[in-house]
Structures are given as structure tokens and as C-alpha cells.
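Protein sequences, first through last, are from chains A and B. Everything in the first sequence is counted per the numbering used here, starting at 1 for the first residue and increasing by one. Everything in the second sequence is counted per the numbering used here, starting at 1 for the first residue and increasing by one.
These are computed hints drawn from the structure, not numbers from a lab. It is possible that some hints are incorrect.
The calculated label-pair distances, taken between Cβ atoms and stated as ranges, are [stated by the list, open to error]:
1. 71/A / 130/B: 24 to 30 Å
2. 27/A / 196/B: 41 to 47 Å
3. 270/B / 27/A: 30 to 36 Å
4. 133/B / 71/A: 34 to 40 Å
5. 27/A / 457/B: 20 to 26 Å
6. 133/B / 259/A: 46 to 52 Å
From the derived model, a few chain B residues whose C-beta atoms are all more than 10 Å from chain A [to be verified]:
7. 126
8. 175
9. 258
10. 328
11. 449
12. 454
If you want the footprint, here are the derived chain B segments under chain A, 3+ residues with CB under 8 Å [what the hints assert, rightly or not]:
13. 52 to 61
14. 91 to 102
15. 232 to 238
16. 267 to 278
Cβ coordinates follow ideal geometry from the N, Cα and C atoms, glycine included.
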Amino acid sequence: MFFQSNIGNCIKCNACTMACPVVSIEGISVFSGPRNLCVDTARYGNAAAILPSDVYRCTTCWKCEELCPQSLPLAETILELRKSIFDFNVLSDGHKKIIENIDKYGRSIVPITQERKKYKVKKAPLLYFPGCISEMRITSIFDSTIRLLERSGVKFGIPDEWVCCGAPLEKLGDSERLEFLRDRNLDYFDGFEDIVTSCPGCATHFLKYYDKDPLHTIEIVWEMMRKRKLVFKSRKKGLRVALHHPCHLNRTIGPQIIDQAYDILQCVEGIEIIDLDKPDACCGGGGAVVAGFPELALKLATEKMLDALHHDVGLLLAPCPFCVLNLRRPGIGKVEDFATFIERNLACKKEGDKKK
Amino acid sequence: MFKTEVLVIGGGATGAGIARDLALRGAEVTLIEGSDFAFGASGRCHGMLHSGARYAVTDPISASECAIENKILKRIADFCIEDTGGFFIGLPNDDECYPDLFMSACRKAGVDAIEISVNEAFKEEPLLSENIVASIDVPDASIDPFMLVLGNIESARSAGSTALNYHLVRKFDVRESRIEKVYVENLRNGSIDEYRPEIVINATGAWANHIAALAGVSIDLTMDKGSMVVLGRRFTHRLINRLRKPSNGDIVVPNYSSSIIGTTSITVSSPTSTSVSEQEVDLLMREAAMMMPPINASRAIRAYAGIRPLVSRKGGDSREISRTFQLIDHSEKGIENLISVIGGKLTTYRLMAEKVSDIVCSRLGISASCRTSLEPLSIPYGEMHNKMIGRGSPTVEIQTHENNGELRRDEVVCSCEKIKRQEVEFWASHPDVRGLSDVMRRTRAGMGYCQSGLCVFNLLTMLIEYSDTDPLYLLTEYLKEREKGIKPVLLKGQIVEEIFKECLLNGVYHISDLAEALRNEENAEGRN
Ligand SMILES: Cc1cc2nc3c(=O)[nH]c(=O)nc-3n(C[C@H](O)[C@H](O)[C@H](O)COP(=O)(O)OP(=O)(O)OC[C@H]3O[C@@H](n4cnc5c(N)ncnc54)[C@H](O)[C@@H]3O)c2cc1C
Ligand code: SF4
Ligand code: SF4
Chain A
1 MFFQSNIGNC IKCNACTMAC PVVSIEGISV FSGPRNLCVD TARYGNAAAI
51 LPSDVYRCTT CWKCEELCPQ SLPLAETILE LRKSIFDFNV LSDGHKKIIE
101 NIDKYGRSIV PITQERKKYK VKKAPLLYFP GCISEMRITS IFDSTIRLLE
151 RSGVKFGIPD EWVCCGAPLE KLGDSERLEF LRDRNLDYFD GFEDIVTSCP
201 GCATHFLKYY DKDPLHTIEI VWEMMRKRKL VFKSRKKGLR VALHHPCHLN
251 RTIGPQIIDQ AYDILQCVEG IEIIDLDKPD ACCGGGGAVV AGFPELALKL
301 ATEKMLDALH HDVGLLLAPC PFCVLNLRRP GIGKVEDFAT FIERNLACKK
351 EGDKKK
Chain B
1 MFKTEVLVIG GGATGAGIAR DLALRGAEVT LIEGSDFAFG ASGRCHGMLH
51 SGARYAVTDP ISASECAIEN KILKRIADFC IEDTGGFFIG LPNDDECYPD
101 LFMSACRKAG VDAIEISVNE AFKEEPLLSE NIVASIDVPD ASIDPFMLVL
151 GNIESARSAG STALNYHLVR KFDVRESRIE KVYVENLRNG SIDEYRPEIV
201 INATGAWANH IAALAGVSID LTMDKGSMVV LGRRFTHRLI NRLRKPSNGD
251 IVVPNYSSSI IGTTSITVSS PTSTSVSEQE VDLLMREAAM MMPPINASRA
301 IRAYAGIRPL VSRKGGDSRE ISRTFQLIDH SEKGIENLIS VIGGKLTTYR
351 LMAEKVSDIV CSRLGISASC RTSLEPLSIP YGEMHNKMIG RGSPTVEIQT
401 HENNGELRRD EVVCSCEKIK RQEVEFWASH PDVRGLSDVM RRTRAGMGYC
451 QSGLCVFNLL TMLIEYSDTD PLYLLTEYLK EREKGIKPVL LKGQIVEEIF
501 KECLLNGVYH ISDLAEALRN EENAEGRN
């Protein structure tokens, strides 16, 4: 019996389904959409009737939940649905790989670079949690963030050991492993006060499951910029830059971080900030869709990149490792992580340069 | 002038069952229904296929009848039964002696009741109240009464009899203690047909007295209204009953996507007094929430009521009157060829039909014996059946064709209830169907939580292909009918939906303006 008590007040306005990016790509016959999945499944109360190929297509972009006039917890319910069918052994090979990796390496991906010991400490006021992708795939995010934090003068460290935050497991519906990872991390996190992370996925997860109030790198950069600890150099050519609004920043940990990102960009001289048609449209990088339905993720990323191309954007910034990774997959246009871009545009500062 | 051996009046479960039984025995039968099939108590019942347990203590005869018929119906009508099983649960302040009384009464009546531990009950139905102190497992089931009646109609027709809906019996010609002629108005075109039956069966339920009066005899009937509330979701797999003497609000029946709480018991004066008050809704939800607390915070989408015709025993609470049916042979009072059959339950309709048919056959000199307990009912949507298994569950959309290894859905026209286009199409073109309510009764399209707000245009578009009636008229009549059931539950969570629908229907589509314009036009034509 699947029971979600607060989903019964749907008025069937269909705002959710109309706005769902996956419905718009796949059509209602393949992905039946948030209302059908959440509201109706709860009505019939039959977890066995949930189609995995349906419920695992959702990117957890939270768009439906944002729009629902009845404030129904739609995206949250999709995660609940996944939980309720997890035990039926319904995962695709891509999904299973994530779990395998976590069991083997403590990371959601296969490590391909050396672990960097340098910043590992046992105690610090601020914990930098890079997340799996920044550490092992798009390592520039890791490097830039370290430099940004150093330049900001904050006292930080990376815990001696850490494991994947568990966000991908939440997306798969694996609640048991998720708790296991959380407990391990909470042990490692002992000795740190605040957490900052490069990944909105990790941040959302810390907020929901670790009872922490995590920061995203942008928040620290913004703070430090206001304190004039970070100053930008001016660029020669007018680079056309656009900002992608990652769903898990914009709709789960808070839209104010997007505003801060624009504040920061405004201070970088010599760039032109371009508005996309749909800056907050999901890029397809979330919800474990890349692993489960790579073609769907690719299509969503392509739409986003075409939006950028259409506006003749020279560089698309995405403050999220998952988004960067997925947005690069279509191979159209340049995509960079926000922190990396900011770090590369810092004006030289006396002490700050030593590390370079 | 039509001749027929038997004329059955009333197209509820009883009438349809009789028509089928007689037809299978080779009698020439015409069934006349004044509205749509299952329009009366049959379509307004609780949808519970009794195991007999509910009546075991208070009405043992009914209980054992139900126990037998329950098994038969599960065999012959499985297409319209969801074999959910049922629990009887006891709460802390309920009579402590009742469970023992109940168990021994069930044993005596032949009801398979099994006591199970409270923990086990919880494991099976996690939404039950934490306070339950006793739980008993019984073979109750959920039944779709519309499909049951239509299945009987279909069987009767395929065995050669005629069944007409929207044909109202208006008048009898009584001569020498016999009904010579029956005048039937065809409501589709207003024409009057005459029938010359040898025997007339009055199976009009709460209207029985009205029909008897046409022949100049009378039946002492009490009319007992029972109200029900439909909640927009299921809470359990099983039917949940309160383990106590039958009372208000002690049954919750899972019905496709919804749950139906029932019932109340109020004596009324007319077979059409089916409006439900907000107090009744309150009472039902309060009582049911004691068994299942989430009901408190759940949304009610509709309320409706049915009338139980009870043959009077003077005085007393109407719930005390036996539910077992009455056969009244009016020859004693002066009409030789009229038999009335009243009461009973949906669950025992077949048995009632068998008893009536036995008498009719002996009068007609037919020696064939009853076959209705052996032969499965015809499925009303015939060859469509395979495509419709599992209707009313999200799986229906899913059990479709493979496409590149992916399952795809068929087009659904009523998304609350997951009703497919083919199904509505089939019924919209069916000669029995006149209005949108008829489509709804047959498909469930429009019964969901939006209460037809959105699918109504889909349904209408399909229906007008086959109907000469003005679409606007069909639409407004239907919505008016729907409104009646929504009003009593507005404050139980339906109001936001209704405001949204109002904006859509009248703010965007201007339905009421258009309807008024249509009325004015008609009035103007009338004056010319
Ligand atoms: C509130 C309620 C809940 C119930 N719940 C259950 C339950 O859960 N399980 C169960 O087994 N039983 C239940 N019952 C009992 C069951 O519904 C009835 O016993 C059964 O439906 C009676 O069927 P019927 O055919 O005798 O009467 P009806 O279904 O009322 O049929 C009578 C028909 O006669 C037609 N008619 C009337 N006048 C004329 C005329 N002049 N010409 C032509 N046609 C005419 C009417 O339109 C109507 O369709 C319930 C009853 C009520 C009232
Ligand atoms: S969270 Fe996003 S992808 Fe998932 S159902 Fe809602 S709108 Fe669609
Ligand atoms: S947006 Fe909310 S109210 Fe509207 S259809 Fe979706 S779930 Fe229902």
C-alpha cells in the first residue's frame, strides 16, 4: 500500500504536467507526468502498479512542485514512489552501477584521478565537501573552489575521509544505504562547524537528511565579494555569458543563491550577461536520469544548449557539477562551472598568488 | 401491440436477474426500465458483495443467503467483482461480547470468518486505527453494481429476450382480475407502446407500491434512505467493517480508485428523496475515521443515497426490519397475473430471481430448471473485455502494446479513473445510451475527483457523434446532476476543485451563458 496523505487535494489544473520538462520531451504516453504518477498512484494505493520506466524518468527538477497551486509535494512523492518500489529490484543497469560504485569506492562514480590528500584535516570551522563529480570528474571545480576559499581567507578543510552524500541513492529510492552513508559522513564531519559544497545536489541532501544548513560556494563568494576580499580583473573582450539555474539551487535550497550569482557576475567587468529563454529549465542532469535514461538526459541538455546557441552565448555557466557534466554531453557550445569561471577572473592579489 | 409471456418492470439487479433467469429457461421475456438500467437502488448501493457476516448476528437468514450467493457470484460474475476480502474490526468502546457472538453467528450461517491477530491486521492494512482491539477476516468483496446489472441484461438479451431502458410503465388495463394491457411510454420519442403479457413482474424496488397502485392493489412499504460518501482515494485493499451491531458509518468499501463510506438510515416518504445532508456526511466521515484515522484529513468528492424498500413490520427502527426479500403474489388481493418482488440485497439478487422464476415457470408450464448459478454472466462489453481488464487502476494505462521494448499507454479520456477512449467510444455508440450519465454509469468516466470537470468535453464529443440531442442540453443536464452529489461535500475538500471548474466552465467556456441563450431562443420559438 502506497500512502501519501497530503496528495489528495489535486484540482487537476494540470499545471504540473504542462510544465514538466520530461513530459514535454517524452510525451505523456511514455512519461505519464507528475499528477498521474503522484496523485493517482496515491489514490489507488498500489505500489505494484508503478512502472519503473515511468517513475525513474523524472529528473526531480521540482518544477511541478513549484507550480502546483495546491502546494502538493509532487517531486517529493516521486522519490517516495521510488522508495516504495526499490525492493522490487527494478533498477536499470546504469542505476545499479551507481550502487556498485558506492559499495566499492564510497563514491557514486568510478574514481579516475588520484585522491588529493593536501587539504585533509580533522578539524576546521568550515568543511568543504567537493562531492563525487568535482573530486573525480570535473576536477577544475575542486581546484578553483579551493583557491577561492583560500583567497577569501576562510579557514577550511576537507575531512580525512568522506563518502558520497547519498543524494544519488535518494534518487534511486535506496533508503537503507542512504542512511548508512549519512551515518558514516556524520562521523567524519565531527570537528567541523559549517559545510560548503560545490554541488547543489549534495547541499539539498545535507539539508534534508543531515539536519545541516549547508552553503553553496556562491554564498561564500558573494559574502567575500561584498567584503571586498575578492576583486575581479577586467577582461579585454566582451564575452557573452549566460547563467543556467540548476534546479536544486533554484528550487530546493533557494532562489536567493541564483540572485547572488547574478550579483557576482555583474562585478566581472568585460562580460555581457545574456538572459536565456528558459534559464531555469532542467538540463536533465538530475534524478539519476543520466544513468537510467541517458538519451533523455541528452535531449534535455541539447534543448538547453540550443537555447544558449540561439542567444549566441559564448560561455554557459552552471553552478552545479552534474549540470556541467550533462550540459557538455551534446557537444554544442562551452559550459563552465560558476566557481571555476569566477576564480579565473579574479584580479591578482598579493598573498593570494603564492599558491598558483 | 406487443405480445410477451412475461413483462418484467424494473431494470435493477432484481429485474435484470429475473429476465436472465427466465430467458435461460426459455420463456419469452420483455424487461421494461423507466430510466436507465441500475438507476435505482442497484446503482446507488454500497457496492459490497456481502459475505453474510454483517447480518450474521441480527439477521441469520439473510446471512446464510449472502454466504451462498457470495460464492456463486464470485464464480459467475468475476468480471465485475474485485475480491478484496474484508476485515471486521473492533474498537475499544465497542461491546466486548460482540466478537464472540459474531463468530458463533458466522459459523451458524456458514460464513467463513477467521479471527486474526491485531498485529497481522496492521501488517495487511497499515492505515487502520492503532486502537483496534479485535479483527476478523471475512470473504466480503467489492462489486460494480452497474456492470452486474448490465451483465444480466446482456445475458438476457443473448438468450433471446428484450430489454428496454427509458421505457416507463404508465398504465395497466385491468379486466377480470387480470392485467390485460400494459401501456409503456418510450421516453426517447414520447410514443406509447401496448403490451399484452401473460404475467407481470413488479421489480421496481422503492417504486413497487406505485406500480401496485396502477393495478389497484397496495403494498405496505417503508422507505429507508441510506447515504454514502465517496472519498477520492483508497485506504485499504480490503473492505473494512466495524465489529458491532450494524449502525451508521461502519463500512468502508474500496471501489476502484475510491472508498465509499456508508451508510445512514433515515425513513423517507418518496423513492426519489435521495438528497444527502452535510450532517450525514459529517456523521459518516467521523464514524469511519475512528476505524481509519487518515479519513479525517481526506477529501470527499461526492455523496449519494439509495432507498431501501422495506416491507413494513409496524413500528421500530427501520434497521431492524429483515433484509430478506418479499415475494408478493397479488392474486390473493385480486390481481391474478401480478407478482411483486421487493427488498433483498444486491448480493442475493440471483436467488430472488430464481425464486420468482420458479413460480413464473410453474404458471407458464415451463419445466426447465434454473441455470443462473452455473452459467457465467455475459460480459456487457463483449469482445472489448480483453482490452479492459484492470479498469480503474493505473495498470490499465500500462497493459498495452510493446513498442521498442517500452510499454506505451493508450489514450485515456477520463484521467481520474483511467478510462480509455475505446471504452467510451463503445458505449457512446451503444443504442441503450442516451445521455452522459449513461456513459458514466457504464464506464466510470466522470466519477473521479474532478467529478467530470475535465473529461466531460471528451465524453460529450464522443457522444454527440451518435446523438441527435443538443450537446449543450446534454452537458448542462449532466452537470446539474453531478452538482447534486457534490454540494454536501463541498466543505470536505471539494470546494477548491469546484471553484476551479467554475472558472473553467463559465469563465472560459461560458457554458451557463450559452445555456441561457439556448433557453431564450427556445422560449422565443415557443412564442412564435
Ligand atoms: C443505501 C443502500 C446501500 C446498499 N448497499 C448494499 C450493498 O452494499 N450490498 C448489497 O448486496 N446490497 C445493498 N443494498 C441493497 C441493494 O441495493 C438492493 O437490494 C437492490 O439493488 C435492489 O434492486 P432492485 O432491482 O430490486 O431495485 P432497484 O435497483 O431500485 O430497481 C428498480 C427499478 O425500477 C425502475 N422503475 C420504477 N418505476 C418504474 C416504472 N414505472 N416503469 C419502469 N421502471 C420503473 C426504477 O427506475 C429502477 O431502476 C443497498 C441498498 C441501499 C438503499
Ligand atoms: S520534478 Fe520535474 S521532471 Fe519530475 S515530474 Fe516534476 S516537473 Fe517533471
Ligand atoms: S499542479 Fe497540483 S493541483 Fe494542478 S494538476 Fe498538478 S498536482 Fe494537481
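>> A range of 20 to 26 Å was offered for this pair. Does it hold for the Cβ distance of residue 27/A and residue 457/B?
In response: The hint (20 to 26 Å, Cβ to Cβ) holds, given that residue 27/A and residue 457/B are roughly 21 Å apart.
>> Just want to verify: residue 258/B was marked as not at the interface with chain A; is every Cβ pair farther apart than 10 Å?
In response: 8 Å, violated
> Does the Cβ pair residue 133/B, residue 71/A satisfy 34 to 40 Å?
Replying inline: 38 Å, holds
>> Please verify that the nearest CB of chain A lies beyond 10 Å from residue 454/B's CB.
In response: Residue 454/B not clear of chain A: closest Cβ-Cβ about 6 Å, inside 10 Å.
> Within 30 to 36 Å or not, the Cβ separation of residue 270/B and residue 27/A?
Replying inline: Taking Cβ atoms as reference, residue 270/B and residue 27/A lie about 51 Å apart, which means the hint is violated.
>> If I claimed the Cβ atoms of residue 71/A and residue 130/B lie 24 to 30 Å apart, would that claim hold in this structure?
In response: 28 Å, holds
> Going by Cβ atoms, does residue 175/B stay more than 10 Å from chain A at every point?
Replying inline: Holds, because the least Cβ-Cβ distance between residue 175/B and chain A comes to about 57 Å, which exceeds 10 Å.
> Would you say residue 328/B is clear of chain A, with no C-beta pair closer than or equal to 10 Å?
Replying inline: With a cut-off of 10 Å, residue 328/B remains clear of chain A, as the shortest Cβ separation is near 44 Å.
> Would you say the segment 52 to 61 of chain B counts as covered by chain A, given the rule of at least 3 residues with C-beta under 8 Å?
Replying inline: Check failed, 0 qualifying residues.
>> Taking 41 to 47 Å as the stated bounds, is the beta-carbon spacing between residue 27/A and residue 196/B within them?
In response: 60 Å, violated
>> Given a hint of 46 to 52 Å, does the C-beta separation of residue 133/B and residue 259/A actually sit inside it?
In response: The hinted range 46 to 52 Å is violated for residue 133/B and residue 259/A, with Cβ atoms some 57 Å apart.
>> Is the coverage entry for the segment 91 to 102 of chain B by chain A consistent with the three-residue Cβ rule at 8 Å?
In response: violated (count 0)
Violated hints, in rising order: 2, 3, 6, 7, 9, 11, 12, 13, 14 and 16; the structure is consistent with all others.
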